[in-house]
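Protein sequences appear in the order of chains V and S.
Note that the first sequence covers residues 11 to 1192 in this note's numbering.
Note that the second sequence covers residues 110 to 430 in this note's numbering.
The hints are simulated quantities; they were obtained by calculation from the structure and are not laboratory data.
Mixed in with the good hints there might be a few duds.
Which residues of chain V face chain S? A few of them, derived with a C-beta cut under 7 Å, are [to be verified]:
1. Val167
2. Glu376
3. Tyr396
Virtual Cβ for every residue (Gly too), placed ideally from N, Cα, C.
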Amino acid sequence: MDSKTPVENLYSIEPALSSSSRRSNFSAHSKSVGRSSIREVSFSDLGPKPVKYGSRGAESETYNMSQKEINDEDARLVQINDPVKTNERFEFAGNSIRTGKYSVLTFLPRNLFEQFHRVAYIYFLVIAVLNQLPQLAVFGRFASILPLAIVLLVTAVKDAYEDYRRHRADKIENNRLASVLVNHEFQQKKWKDIQVGEIIKIHANETIPCDIVLLSTCDPTGVAYVQTINLDGESNLKTRYAKQETLLKIPEKENVSGLIKCEKPNRNIYGFQANMEVDGKRVSLGPSNIILRGCELKNTTWAIGVAVYAGRETKAMLNNSGAPSKRSRLETHMNLEIIFLSLFLTALCTVVSVCAAVWLRRHRDELDYLPFYRRKDFYEEEEDNYNYYGWGLEIVFTFLMSVIVFQIMIPISLYISMELVRVGQAYFMIRDTQMYDEPSDSRFQCRALNINEDLGQIKYVFSDKTGTLTENKMEFQCASVWGVDYNSGKGSSQDQKDGYFVEVDGKILRPKMVVKTDPELLQFARSGKDTKEGSHVHDFFLALAACNTIVPLIVDTPDPTLKLIDYQGESPDEQALVYAAAAYGYMLIERTSGHIVIDIQGERQRFNVLGLHEFDSDRKRMSVILGLPNKSVKVFVKGADTTMFGVTDRSLNTSIIRATEAHLHSYSSIGLRTLVIGMRELSTSEFEEWHSAFEVASNALMGRARLLRKVATNIESNLRILGASGIEDKLQEGVPEAIESLRTAGIKVWVLTGDKQETAISIGYSSKLLTSKMTQIIVNRNSKESCRKSLEDAIIMSKKLTTMSGNTNDTGRTLGASLTPVALIIDGTSLVYILDCELEEMLFELACNCSVVLCCRVAPLQKAGIVALVKKRTSDMTLAIGDGANDVSMIQMADVGVGISGQEGRQAVMASDFAMGQFRFLVTLLLVHGHWNYQRMGYMILYNFYKNAVFVLVLFWYVLFTCFTLSTAINEWSSVLYSVIYTSVPTIVVGILDKDLNRRTLLKYPQLYGAGHREECYNKRLFWITMIDTVWQSAVIFFIPLLAYGGSTIDASSIGDLWTLAVVILVNLHLAMDVICWNWITHAAIWGSIVATVICVIIIDAIPSLVGYWAIFQIARTGLFWLCLLSIIVAALIPRFVVKVLYQFYTPCDVQIAREAEKFQPRSESAAVEVEMNPILNQPRP
Amino acid sequence: MSETNSDRQRRGDRESAFYLFTQQRLPACKPVLTPPWVITIYFLVGFIFVPVGLFTLRASHSVVEIEERYDIECVPSQFRNDKVSYIQDDSVPKNCSLLFKVDKYMKAPIYIYYQLENYYQNHRRYVRSRSDQQLLHGRNFHGTSYCQPLESSNNRPIVPCGLIAWSLFNDTFTFIRGKALLKVNRTNIAWKSDRDHKFGKNVYPFNFQNGTWIGGGKLNPRIPLSNQEDLIVWMRISALPSFRKLYGRIEEDLDVGDYVVVQLMNDYNTYSFGGKKKLVLSTSNWLGGKNDFLGLAYVFVGSSSLTVAIVFMLLHLRSQR
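Please take these sequences and the hints and turn them into a complete structure.
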């Protein structure tokens, strides 16, 4: 069990990535086909030699930037191994960190300053300050600041506790040890003492103390592997390189010196640009040469680097900021109503001051003599006006005083209650076992605390496919080699229970994952390359094992004779391919920068890696140039079919190409991800030509990425197609059912994927997004004009389809269901021409007519563009769900962003408002929690408006009977405690715990979600009805005692107590009347509040120095008091009760019907009963 | 933790109340408004409210009340146009008499109230102009700034300070039936709690009504505040601008046809602001004074509930959902 409390979960500071850094590099992370690797390699000849490493080729922009001269003003100059000179001007931060916001001294001022950033508190403060003016003192000093003080105190305690925990964590962090070069030897030094410019040595499994530029590592080629799990949550290893210029230097023996000129600290964790001058040579540094604070060194015995950014200037610390804040739809609506209320407040105050003005004017001659006014102070020598500032000012004071008295008309406490309620709702969402993902042990996470209720009004869901609808656990399913389809579905051979393994020195080496193998193919693979098929199969698997950026890790197991190989890599597709190759006997054992070792059917072979062109999104393929043991040189290429067939040599065996294409088509139509493998043997001249071009390109200073791409394109031509692979990306559990539920609930599900059209459509079918009944409209064009044309046609067609079926069924109730559903399938190329121009409008119109939209081949930014397309044109709520870095832009764009904490790192989770383990939890999240949250919050807002307004109006009525002088019969303490103690708890409890329907019903009838779409729980009509009810109830509360006690000896304190109790009991009973689900907590809160109020009133009336001493006892002794109380409650609630009953009987809403069904149908029967629901609103709201 | 262990724990969790709480599945009652329920509720309200209302009305009617306005009658005719100068002129005698005819048998105790109208005892300036601490602790208590402008006179503190005490009602009444003086009990007219805990037993009036402008009654400086019951009654400020305050009790029954002559001293100035003064004799019961409103309200609410109940019942019978 996770011992963290929810609060801890909610507030814990995670190394969240800032929006700026998240935006950085989507292109590099496109995951449709293998992930990009980090390096480019060049060799001067066939043997392994020290090699040069550039920065990532794919990031042309970053690369070009790094070539630009960094201005001295914008640069940080770091003298290697000379911290004193580096920091001559003491401008660089030390390595000690402080995540705590406050110190003991600064806590009070800073915390107060931060709290008063909220408008609500300012309002509180202004009112309290006004009240301190002697002319305006309505409440006593203490009473007036009490509510504000309570709120400030609670928040301050919470902040202080959090800060204490941060301080404690900082202390631990600052006192960790690292070895730092001091006087030519490495000494242990505390982290907080590390300075920029110092040389640091890090051993395996140690955490990096600050951002360092690598100088050398244990690996002769300068490779270091790091795990960035603390930084971005990705658990796979990343490779970082030391520059060859510094590789051979041994800091203990020789004096290492040099100058690193790097950019100013920034939060981009994927970017770094700098150059280094060592021994008079200048080398450029890129993101692959820096290791960031918080990473762990893995698989590398040691690494030496120089600190460039320390402490708070490290990229990890700069990224230490929380999730972005959004404001919920309900709150936006609510703010409008708050404006109404403030107008109403102004109106009340104006009425009071105008009446007071008239009264003062009419009695202006009597003011001196009125015994209850006595303007003049006769006791002084000179007759002075006492506390009277003239007619005009008196009116101004009256106005201000009435603002003070009626202040809670603006329900400031509502903001605080809402926050508490959201925390409570978040707690239940987090604890929900139905949203707990057991395999990954991940709970639901609430990262944004202020949009819970938006979950109940979602109209559009934009979903990523890979990793979101599917598991992103790639599994090699079938291969087509040399035009022959080997489908492992045929059955499996006997000996593959444990999969393939090799024996080395009596130890068994086995891949970590077992892959199903096709016996026929296995046979060929084992037969060696003597036969024709065998040699093709050999090449095919060699390509799979070699053409990738996977790093094999040898892991010990409890059994000493058994070791497992774990393939670490950034792309799950590549992992799947390498595991597959291993299963067929081509086991990748070792990968260094210069060579790879592959165990081929038990025989270890060493291949020199002569060059590697990594994947980029333009070429959509990667290639590796291998020097084979037989001295031949081959280039292996794998990539997406669209680009691979363009570079194959079509003249060679066309039949094989055709067969492969057919296989690819069949693979993708059953939902497999396909890759095509090609190969070409290079002649010596070709290789030399490539090699020199590659050298030139990788040494170029300007436009290196472009040059490298050109070199790659040149060599990747005239390929021989070896075959294709089909990798299954399994659908997550429950996805079809989830999509169906969401669709029934009236939510439009759009799938945005980088996959190709056929794969997307097949996944669409298997996830029940598409059904055979649907008419598909496919838009994939290559120019703006043709896009326009096809959009026009599509709109006409979709209209025809929808109206045609609409006419035939015009009378039927089942209109919504009978429409011929239209599915729009559109690809990324078309979107390029459509988005950001006038065609957007047409696309939107078309998409609105379609019940399903499937976008394939879309780039990350296009995903955001599509979300924006909908968001801009409707007021409907949008939700984006995704798991990878490429979904971040869409998650941030949508009203609600949901991240799947899955295989692909945590960027999506970091950017999201909510995070969960599985797509199917979305149904529970929206239909159950969203519905509940929306209903609760909507009711709570209305109720808070009501309960404060009732109280204010009772005060207001009384003011009309006191010469408009803002006297209150209700004790000032009761006025202050009203929103703090008397009525606050029940509304919060109900806001957290009330359930209008139980989970089973909500899941069974997804249509009930429509309540949120129709804004049934909070709308203008409800607001005004509530306000009218409020006026009635306040009038009943005030006038029944007034008339019953009219002309009697009743004193102000006693009748004040009656009013206090009447208001509190009434608002609590009003709540009780609307509570749907009574559990013991609700009971305790509501009845407890009434009891607490009575106790408070008794305590207040037991203080002899207050005016109302013993009043409650005096009045409660009389029968009249109790009769008044009873009649107030009944008379005040009767109209509401009548309306409620009429409404429920004669125009019941779906929720009401379902509730009655839930109550009166026995469980066994309820399955059979179909409850008819309102048709789903299909048209978007403008 | 081993697999089986955590499984067992989870199973244990499922039954625990905390688990039910976190899953929002606490046992709960979900009342649904069904027609029978609603109709029953309305009938219930009706059947309770109508009798209670009738009972209250009867109680109200059983209270006998005689009320007489005297502030105009008591001004001699030559001062009728300038009542203020009459009340301010100390040389004019202020005595006056009223004649009350008893129409209904009045059972002792008969409460004597004076009633003031258009008198805003709840005015903000007035309400605040008092010091409860001083009333309890005497003139050694100095935090009496709220009492201004009646905090001190001639540089000596006033006890009791403030406008409320200053404007103490000071008309006096004596009651004669036939030839005999009716005995008026003027003790125990204030709340016992006030006498015991709110007004000091050792606090004596000091420097009271010594200024140039006399507001109302004077106090005997030798009687402690806790025994100045008229002051205590007056200091319980009324809730509304028209109010009664208890003056005393007649502890004899009055028969039908009795004539009661009230001799009164018309000292209190309500003329300068158009206030009314009335004298009230009233019997009392559990309801307090005569007031039909609550009875009528109960009957009205009860009968409308019954109507609604019947309407709902008919609707329900006609169209069952």
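The hints, checked one at a time:
The interface hint given for Val167 of chain V is violated, since its Cβ lies 25 Å from the closest Cβ of chain S, which is over the 7 Å cut-off. The interface hint given for Glu376 of chain V is met, as the beta carbon of that residue sits about 5 Å from the closest beta carbon of chain S, less than 7 Å. A hinted interface residue such as Tyr396 of chain V counts as satisfied when its beta carbon comes closer than 7 Å to some beta carbon of chain S; here the least separation is about 4 Å, so the hint holds.
Violated hints amount to a single one, hint 1; each of the other numbered hints is respected by the structure.
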